[in-house]
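Undergrad: Listed in order, the protein sequences are those of chains A and B.
Residue numbering for the first sequence follows the numbering used here, beginning at 52 and increasing consecutively.
Residue numbering for the second sequence follows the numbering used here, beginning at 52 and increasing consecutively.
Where hints are given, some of them may not hold.
Heads up, the list lumps identical chains together, so a pair's fine if it works in one copy or across two of them.
Derived lysine to any residue pairs resembling SDA-like cross-links, with alpha carbons at most 25 angstroms apart [what the hints assert, rightly or not]:
no.: 1; residue 1: Lys74; residue 2: Leu58
no.: 2; residue 1: Lys201; residue 2: Glu86
no.: 3; residue 1: Lys201; residue 2: Trp66
no.: 4; residue 1: Lys201; residue 2: Asn92
no.: 5; residue 1: Lys201; residue 2: Ala170
FYI, nobody ran anything at the bench for these hints, they're computed from the structure.
There are 2 protein chains.
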Amino acid sequence: MSAPRWLSPAEQRAWRTQLALHKLLMHRLDRELQEFSLTVNDYEILVNLSESPERRMRMSDLADATIQSRSRLSHQISRMEAKGLVMREDCHDDRRGTFAVLTDEGWETIQRVAPFHVAGVREHFVDRLTDDQLETIEAAYAPIVEQLKKLR
Amino acid sequence: MSAPRWLSPAEQRAWRTQLALHKLLMHRLDRELQEFSLTVNDYEILVNLSESPERRMRMSDLADATIQSRSRLSHQISRMEAKGLVMREDCHDDRRGTFAVLTDEGWETIQRVAPFHVAGVREHFVDRLTDDQLETIEAAYAPIVEQLKKLR
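This is chain A alone, in the form it adopts within the complex (with noise of 0.2 angstroms):
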């Protein structure tokens, strides 16, 4: 390996806040979403599901939509159906595996939710920032996720 080309002061600055952003801002939202006995993953779980035809997504398009394995998207799917905030489905008429599916109550509990946790990421993220620096942000990091999903 050749010598490596360790951070500069201004990139060190950058990253690390970048990842101190990310840290405290889902402490908090987790810590706002606790009133509802949610965390912030619970919350992307039944916004995905509650936007996805007949409230229902594969368990692999959900590890997808949600970037995690299915492993890890299964305890959570344990967790939130001990809760009765959704099922999970077998697929009857293929082989490709079970279904994701949101409840009434799932249904009520994200519509009932939405409204505080909006206002929470307005708050602490998007009101914090101008019209530029959001569309910077966007435009600085959607192709690097565009890569990185290439390298999942």
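Starting from the structure of chain A, add chain B where the hints point.
TA: Coordinates of chain B only, in the frame set by chain A:
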């Protein structure tokens, strides 16, 4: 609660891109660190300890520095102790709890792994951004980070 201010399409894109970037990046960097039997979380602990006087930190300070709860950190440190990378040490001269201390093996590990990890951070993040983008990200996120730290 007044009518929810839902995110505009541009706001939603920026927010979702930020979330996806972080998850995919951590997934990728974890994969690359697997070769050394480390995770991104292990790496972060090693860096913090290696940069501290006498390569040691109070557990409470280490929890703050790595933005996680004392209990989560404690589990993490137990796993790293089992691998021989760190040790716990009681403070004899005060009551302010336990230190985490980098072992010689932990020190050698961070020296050996750092060049590979920084290469990954460059390949998947830093080198894919312009200086202007890096500067905008830091300028945009640093005040949010400061604000969120106060809310912890």
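Undergrad: Determine for every hint whether it applies to the structure shown.
TA: Against the structure, the hints come out as follows:
{"no.": "1", "hint": "Lys74 to Leu58", "in the structure": "both (21 angstroms within a copy, 21 angstroms between copies)"}
{"no.": "2", "hint": "Lys201 to Glu86", "in the structure": "between (37 angstroms within a copy, 20 angstroms between copies)"}
{"no.": "3", "hint": "Lys201 to Trp66", "in the structure": "both (22 angstroms within a copy, 21 angstroms between copies)"}
{"no.": "4", "hint": "Lys201 to Asn92", "in the structure": "both (23 angstroms within a copy, 24 angstroms between copies)"}
{"no.": "5", "hint": "Lys201 to Ala170", "in the structure": "between (33 angstroms within a copy, 19 angstroms between copies)"}
Violated hints are absent here; each numbered hint is respected by the structure.
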